[in-house]
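A.B. asks: Chain by chain, the residues run as shown.
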Amino acid sequence: MSDLVQVVLSGLVTGGIYALLAAGLTLIFQVSGVVNFAQGALAAVGAYTCWSLENQHDVALVPALAFTACGLFLLGCVMQAILLRRLAGDLASSVIVTLGLLIVLEGGIGIAFGYSPPARPLSLPLPDGQFNLGSWALSQQELVLAAIPALLVGALLLGLRYTRIGATVRAVAQSARGARLVGIRVDRVRLGAWGVGAILAGAAGILIPSASTSPISPGMVDPYLLSAFTGAVIGGLDSLPGAAVGGWGLGIIQNLVSYYTPSQVTNWGIGKDTVIFALLLAVLMARPTGVFGTPIQRRV
Amino acid sequence: MKRAKNPWAWFRRCPWLLPALAALVTLACLPLISTTSFAVGFLDPAGTYAILALGLNLLIGGTGQFSLGHAGFFAIGAFTAGILSTNYGWPFWVVIPVAGVVAGLFGAALGLPTLRLIGPYFSMATLGFGLLTAEVLGAASWAGGRTGITLNYPQLGAYTFDEVSFFWVILGVAAVTLFLVWNLRHGATGRAFVALRESDFAARACGIHLARYRVLAFTISAVLAGIAGSLFANWNGFLDASESATSSTFGLPASVAFVAMVVVGGLDSTLGSILGAVFITAVQYWLQDRPELAEMLYGASIVIVLLGAKGGLAGLPAMVYTAWRNLRARGTGEARA
Numbered sequence: 001m002s003d004l005v006q007v008v009l010s011g012l013v014t015g016g017i018y019a020l021l022a023a024g025l026t027l028i029f030q031v032s033g034v035v036n037f038a039q040g041a042l043a044a045v046g047a048y049t050c051w052s053l054e055n056q057h058d059v060a061l062v063p064a065l066a067f068t069a070c071g072l073f074l075l076g077c078v079m080q081a082i083l084l085r086r087l088a089g090d091l092a093s094s095v096i097v098t099l100g101l102l103i104v105l106e107g108g109i110g111i112a113f114g115y116s117p118p119a120r121p122l123s124l125p126l127p128d129g130q131f132n133l134g135s136w137a138l139s140q141q142e143l144v145l146a147a148i149p150a151l152l153v154g155a156l157l158l159g160l161r162y163t164r165i166g167a168t169v170r171a172v173a174q175s176a177r178g179a180r181l182v183g184i185r186v187d188r189v190r191l192g193a194w195g196v197g198a199i200l201a202g203a204a205g206i207l208i209p210s211a212s213t214s215p216i217s218p219g220m221v222d223p224y225l226l227s228a229f230t231g232a233v234i235g236g237l238d239s240l241p242g243a244a245v246g247g248w249g250l251g252i253i254q255n256l257v258s259y260y261t262p263s264q265v266t267n268w269g270i271g272k273d274t275v276i277f278a279l280l281l282a283v284l285m286a287r288p289t290g291v292f293g294t295p296i297q298r299r300v
Numbered sequence: 001m002k003r004a005k006n007p008w009a010w011f012r013r014c015p016w017l018l019p020a021l022a023a024l025v026t027l028a029c030l031p032l033i034s035t036t037s038f039a040v041g042f043l044d045p046a047g048t049y050a051i052l053a054l055g056l057n058l059l060i061g062g063t064g065q066f067s068l069g070h071a072g073f074f075a076i077g078a079f080t081a082g083i084l085s086t087n088y089g090w091p092f093w094v095v096i097p098v099a100g101v102v103a104g105l106f107g108a109a110l111g112l113p114t115l116r117l118i119g120p121y122f123s124m125a126t127l128g129f130g131l132l133t134a135e136v137l138g139a140a141s142w143a144g145g146r147t148g149i150t151l152n153y154p155q156l157g158a159y160t161f162d163e164v165s166f167f168w169v170i171l172g173v174a175a176v177t178l179f180l181v182w183n184l185r186h187g188a189t190g191r192a193f194v195a196l197r198e199s200d201f202a203a204r205a206c207g208i209h210l211a212r213y214r215v216l217a218f219t220i221s222a223v224l225a226g227i228a229g230s231l232f233a234n235w236n237g238f239l240d241a242s243e244s245a246t247s248s249t250f251g252l253p254a255s256v257a258f259v260a261m262v263v264v265g266g267l268d269s270t271l272g273s274i275l276g277a278v279f280i281t282a283v284q285y286w287l288q289d290r291p292e293l294a295e296m297l298y299g300a301s302i303v304i305v306l307l308g309a310k311g312g313l314a315g316l317p318a319m320v321y322t323a324w325r326n327l328r329a330r331g332t333g334e335a336r337a
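Chains R and D, in that order, are what the protein sequence lines are.
Numbering-wise (this note's numbering), the first sequence opens with residue 1 and increments by one.
Numbering-wise (this note's numbering), the second sequence opens with residue 1 and increments by one.
These are computed hints drawn from the structure, not numbers from a lab.
Some hints here could point you the wrong way.
As the list claims (entries may be wrong) - Restraint-style ranges between C-beta atoms, simulated for each label pair: (1) R:G114 - D:I304: 47 to 57 angstroms; (2) R:P223 - D:W10: 55 to 65 angstroms; (3) R:G129 - D:A282: 53 to 63 angstroms.
Claimed, not checked - Partial pick of chain D residues on the chain R-facing surface, computed with a CB cut under 7 angstroms: (4) S123; (5) G128; (6) L131; (7) R212; (8) V259; (9) V303.
Claimed, not checked - As a list, the in silico SDA-like pairs of lysine to any residue whose alpha-carbon atoms are at most 25 angstroms apart: (10) D:K310 - D:D162; (11) D:K310 - D:A329; (12) D:K310 - D:A300; (13) D:K310 - D:L275; (14) D:K310 - D:R325; (15) D:K5 - D:A23; (16) D:K310 - D:F161; (17) D:K310 - D:E198; (18) D:K310 - R:A92; (19) D:K310 - R:V104; (20) D:K5 - D:P15; (21) D:K310 - D:V320; (22) D:K310 - R:R86; (23) D:K310 - D:L117; (24) D:K310 - D:P253; (25) D:K310 - R:R85; (26) D:K310 - R:V78; (27) D:K310 - D:D289; (28) D:K310 - D:T189; (29) D:K310 - R:L83; (30) D:K310 - R:Q140; (31) D:K5 - D:W16; (32) D:K310 - R:I82; (33) D:K310 - D:S269; (34) D:K310 - R:V5.
Idealized CB from N, CA, C, for every residue including glycine.
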């Protein structure tokens, strides 16, 4: 039982990163109709900016984080304003264009900072003690790492639900034309959504080195990105809570599978990654727009 | 009274025949002057990927569905060929069509359930399939496991092909594929694909069977990817699927490169598929010491083509011509739309 709790908690840590990436993806998708694979590159840009400020320029953590967030917001806006505005509505090619951007940006980071991981890690001031809850000893670091994404995604959801800006974003997500009719500046809302999506991605990028205890590298987000997208698609690309839940669920399922799969099965090529892609195919067959997604209804 | 037979009638009917033959003969001479490293690095992959891109362009350009999983079919073809020829000793000319059929069966099996999916959902489902295939083949012991599969040089009678002379086989398969795909695309089937891409409602109102044609396009592209995979197995001589989800032969990077070939060559252009395959392979060969730069270059070319010049390489002459004409028109003071 103690094992199970520990495995689920680790699943929540990975799942939290998936949820952050998935939430940014869904926000951007709902508002601008672009599936943003470049989310992974934005995450890497965030991690590298923060690392560089901290380790190469001796900036304290909080200003470094603030600077990274502002920079990412601008980068997201620029991507939408210059490149992706032209693609609005062209679902199929937006996937490919952002995939191309992902490759280019990751390559750019590789050229700027080198491909081999830097000696000094991107370290966050995390507690390293144990938290005793009854008979379970839980790692405080994992608890904090699991809590940060939950807070961020929760704040986003509350903001969307209860603030005026949130209401305009939801209006654009429902119908861009209708929103324009009631006087909402749709282009600005899209810019903002891209900016916020980029910040969420950056948060994921900054958490990844601590969650996986590996050094930063240009392609470090890629494995997370695929699972996050799978989670978002399983949850439903047009439902933000659905996508976030999909991300967390997937993290837990992956961890449970890799912990409890007997080795004979693993030798057959069935591991945590195979299970999630099989799950993805199964869910899409049953519900083509994801579990929480709105089924497509069209009139002739 | 019988009209005198025009000896050039065949030329009128097929004006492309002479240039095509000339191109074929020119290409067939290439192995005579090629070194092994040039054949392995450029000639063989360019031919192999041209076959794959021809099929993939029917799916992506024709029906407008972006598949991110065709490296999976490529891997299925390659491992079918590898297992059949090493474990069972089948000759390569039997193995190649069989690999196509096996990949085609998987294609039909995946094409049916993904029929209802649109845009990003379709891309994600195919991506999942591709990674699933790569993971299973990379870990499964019957597919060579961590040691991989080593193939013998393909033999025809007493003759043994090497990396250079196998290009003739690839060229033959590619020529036949080009002929078939060209006819398919410019016949009723190809028009049905395009009708479905432009508006599936209108197409269905005209009596085009949506499910049948979508699955057909998917299956054809899978068959050609499988055939390309089996050719790859034969000239590469070694199949290694460990770490394959991230490998540039069978993993996601390969699927992205395949899409790049189609997009850069020119969506829905038959000759463009070949141009794209040659272009991407040339980039990879030219930058083989800096694979990350090669990847960046074709990532950038996808973005540029999809955002700026949708015709790709095949549409380049028309684009240059239009630009030149507009420029000249401006010079003479004529306004043009």
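A.B. asks: Now tell me, hint by hint, if it's right for this structure.
C.D. replies: To see whether the hints hold, each was checked on the structure:
For the hinted restraint 47 to 57 angstroms between R:G114 and D:I304, the CB-CB distance of approximately 26 angstroms leaves it violated. For the hinted restraint 55 to 65 angstroms between R:P223 and D:W10, the CB-CB distance of approximately 57 angstroms keeps it satisfied. Between R:G129 and D:A282 the C-beta distance comes to about 57 angstroms, which sits within the given range of 53 to 63 angstroms. Hint status for D:S123: holds, given a least beta-carbon distance of 5 angstroms to chain R, under 7 angstroms.
Nearest Cβ of chain R to the Cβ of D:G128: about 4 angstroms, under the 7 angstroms cut. The hint holds. Here the hint on D:L131 is kept, as its CB sits about 6 angstroms from the closest CB of chain R, short of 7 angstroms. Evaluation of the D:R212 hint against chain R yields a violated restraint, the C-beta minimum of about 19 angstroms exceeding 7 angstroms. The interface hint given for D:V259 holds, since its Cβ lies 6 angstroms from the closest Cβ of chain R, which is under the 7 angstroms cut-off.
Because the closest C-beta pair between D:V303 and chain R is about 4 angstroms apart, less than 7 angstroms, the hint holds. Distance check on the hinted pair: D:K310 and D:D162 sit about 39 angstroms apart at the alpha-carbon level, beyond 25 angstroms; violated. For the given pair, D:K310 sits about 24 angstroms from D:A329 by alpha-carbon distance, which is consistent with the 25 angstroms threshold. Restraint check for D:K310 and D:A300: satisfied, since their Cα atoms lie roughly 14 angstroms apart, inside the 25 angstroms limit.
At most 25 angstroms may separate the alpha-carbon atoms for a hinted pair to count; D:K310 and D:L275 meet this at roughly 15 angstroms. In summary, the hint linking D:K310 to D:R325 is supported, as the alpha carbons are separated by about 19 angstroms, within the 25 angstroms threshold. For a cut-off of 25 angstroms, the pair hint linking D:K5 to D:A23 is broken: about 29 angstroms separates their Cα positions. Proposed proximity of D:K310 and D:F161 is contradicted: the alpha carbons are some 40 angstroms apart, above 25 angstroms.
Distance check on the hinted pair: D:K310 and D:E198 sit about 16 angstroms apart at the alpha-carbon level, within 25 angstroms; holds. With a C-alpha separation of about 14 angstroms, the suggested pairing of D:K310 with R:A92 holds against the 25 angstroms cut-off. Between D:K310 and R:V104 the CA atoms are separated by roughly 19 angstroms; this keeps the pair inside 25 angstroms, and the hint holds. Simply put, D:K5 and D:P15 have alpha-carbon atoms about 18 angstroms apart, close enough for the 25 angstroms limit, and the pair holds.
The suggested pairing of D:K310 with D:V320 holds, with an alpha-carbon distance near 13 angstroms, which does not exceed 25 angstroms. Restraint check for D:K310 and R:R86: satisfied, since their Cα atoms lie roughly 12 angstroms apart, inside the 25 angstroms limit. Of the pairs offered as hints, the one joining D:K310 and D:L117 holds, with about 24 angstroms between alpha carbons and a cut-off of 25 angstroms not exceeded. Using a Cα cut-off of 25 angstroms, the hinted pair D:K310 and D:P253 holds, with the two alpha carbons roughly 22 angstroms apart.
The hinted pair formed by D:K310 and R:R85 meets the criterion: a straight-line CA distance of about 16 angstroms does not exceed 25 angstroms. Proximity of D:K310 to R:V78 is assessed by CA-CA distance (about 22 angstroms); at most 25 angstroms being required, the pair is judged to hold. Taking the CA atoms of D:K310 and D:D289, the gap is near 30 angstroms; set against the 25 angstroms cutoff, the hint is violated. The straight-line distance between the Cα atoms of D:K310 and D:T189 is roughly 23 angstroms, inside the 25 angstroms bound, and the hint therefore holds.
Proximity of D:K310 to R:L83 is assessed by CA-CA distance (about 14 angstroms); at most 25 angstroms being required, the pair is judged to hold. Taken as a hint, the D:K310 and R:Q140 pair is broken in the structure, with Cα atoms around 52 angstroms apart against an allowance of 25 angstroms. A distance of roughly 21 angstroms separates the Cα atoms of D:K5 and D:W16; the hinted pair therefore holds under the 25 angstroms criterion. Taking the CA atoms of D:K310 and R:I82, the gap is about 17 angstroms. The hint holds against a cut of 25 angstroms.
Distance restraint check for D:K310 and D:S269: the Cα-Cα separation of roughly 11 angstroms lies within the 25 angstroms cut-off, and the hinted pair is therefore satisfied. A hinted pair counts as satisfied when its Cα atoms are at most 25 angstroms apart, and D:K310 with R:V5 does not qualify at roughly 52 angstroms.
Of the numbered hints listed earlier, those contradicted by the structure are 1, 7, 10, 15, 16, 27, 30, 34.
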